[in-house]
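Chain by chain, the residues run as shown.
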Amino acid sequence: MGRAVAVIGTGQTKHGRRPDVSYPDMVREVIMVALEDAGITLKDVDGVVHGTMPSMMEGVSSTHLYFAEAIGAVGKPIMKVETCGSTGQSIAHCGFFWVASGMADIVLVVGSEKMNEGDSQATMTTVFDPYFQRVFAAGAPGTFTMQCMEWMYRFKIPEDKGREAAAMVSVSNHDNAMDNPYAHIRMKVTMDDVKNSRIVTYPVRLLDVCPSSDGACAVIFASEEKAKKICKKPAWIKGVGFRGEESFFGESDKSIWPSATEAAQEAYRQAGIKDPLKELDVAEIYNPFTYQEMIFCECFGFCPRGEAPDYVLKGTFKKGGELPCCPSGGTLCTNPIGATGLIRLAETVLQVTGKAGARQVEGAKIALSHAMGGVDQFNGVTIVSSNL
Amino acid sequence: MAKEEYRIIEAEAVVPYELALGGTVSNFFDYLKEEKIMGKRCRKCSRVLVPPRSFCPRCFEEMDEWVEVGQEGVVETWVYINMPFYGQVIKVPYVSAQIRLDGSDSGLTHLIAGFDLTNVNKVREIVKLGGRVKAVWSKEKKGNILDIAYFEPVK
Ligand SMILES: [Zn+2]
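Residue numbers (the numbering used here), protein chains in the order written: chain A, 1 to 388; chain B, 1 to 155.
Just chain A, same shape as in the assembly (with noise of 0.2 Å):
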């Protein structure tokens, strides 16, 4: 694990159409807030972390090189990472790897992204391969609902069950939405508009999926030394795990969902977590479908193969249950891509550190946050701790 590494301080702006804002200046926004809130300035910042999805999303090429000044990156080092939806998390990962090592002790993490400027689904569409899948693909919607489909025939889950489920799992994040005054869709929804809203790609509906966004994020991680001097209530970084698989979407096992499953195991290896549904207190899963949202469950070993719809419509899950998942309302209320997998452990950071306003979960100590991209193909872990 190298040094301990803390998270210092987090920012977001405020998600969803951000059309009153050019690009540069709503990332500069968020790094005014995060700066803020660890209390130091851009000379305390020994290099910068930034990450988007794919620059045809942008409109603009090397956006980190676009973005250089408003990231507060002139006169630093400067690393760019992207793995399409699962970007967050991996540039998370290098600003741990970055203090961990030792050749910095205080490193800047910004993810960003404006869905609304360009056409989000036909830039999804060039993420895979040109010779045999992309005439066939639809963005996001044709591989999550190919992969949902999977998932429930294999397990056998009933396609009414499993309708159930998902339509708790949207209502339940909807509802966490209402409590965070960072995410873009803040309305009330309940089972009936979830099961009677349009369909998108069969069986999943519109109140299954995510908003695109428009918004910003940014994380401050600090070496042990730095951040005992500067944060009075540090998060600590217990584990990161991060696996990739083949770009085929055929060629693995996606109902099982092999780097989703092997990226948790890892991050928990690190952490010692041995039960993660008794020893997390929060988990802030990537969930831009509702159906994903209970693979991941699976994956990360909140409960059995296949079982996860009969832990949704249980409670589990939900605020107040046992292990509250995505008290932010997630990414299916809230999906500015770049920033999105660090908006999930910023809320990890908040949660743990007591922040969290209105959806803090009572004495969260522990937490999971999580991101996903590529074609099924990329997942990334964090855990995160109130203790070093």
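To be clear, the hints were calculated from the coordinates, so they are not data collected in a lab. The model shown is predicted, which means the values in this text are computed figures rather than measured ones. No residue lacks a Cβ here, since even glycine has one placed at the ideal position from N, Cα and C. Hints should not be assumed to be uniformly reliable.
What the hints assert, rightly or not - Covered by chain A, according to a simulated footprint, are these stretches of chain B (three or more residues, beta-carbon under 8 Å):
#1 18-27
#2 32-40
#3 44-57
#4 108-118
#5 131-143
What the hints assert, rightly or not - If you want the ones that stay clear, here's a sample from chain A, every Cβ over 12 Å from chain B, calculated:
#6 V33
#7 S101
#8 K188
#9 E225
#10 K254
#11 S385
Fit chain B with the ligand to the given chain A structure using the hints.
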């Protein structure tokens, strides 16, 4: 300033590419012209992959053994797409699927068609997870993945 007054600049980035296929993909498409679906077998793990690779992603060994696989297979999963977006090649609505051809160890992404696709509920009665489908060939071959026009359910 009212919201609708926020100003934008219209921008576009159109870049043409000529992406090299490499030997393995070229050969696969040549076989399609002869109405043969060929995979490659890994000598180390024995898996047969369709589409074929020049090397096994798991063993990192060169794959040089061509194997003909069946033109029929099983539907591993599918999705009904009725969502248009910029640059889409296939006209909506269409069904994309993962098809595990007989003798292959991976799913091939392709279309399931050959019947009325306008109503998703009717499509659900025809396309089944675990159901069998069979390749239908395009009359005119262009040396790409659409030389297989689509897969149709086996009655
Ligand atoms: Zn092999």
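Verification of the supplied hints:
1. 18-27: holds (count 3)
2. 32-40: violated (count 0)
3. 44-57: holds (count 3)
4. 108-118: holds (count 4)
5. 131-143: violated (count 0)
6. V33: Answer for A/V33: holds, closest chain B Cβ roughly 22 Å.
7. S101: 28 Å, holds
8. K188: 24 Å, holds
9. E225: 41 Å, holds
10. K254: Check fails; 8 Å does not lie beyond 12 Å.
11. S385: Per Cβ check, A/S385 is outside 12 Å of chain B; nearest 35 Å; holds.
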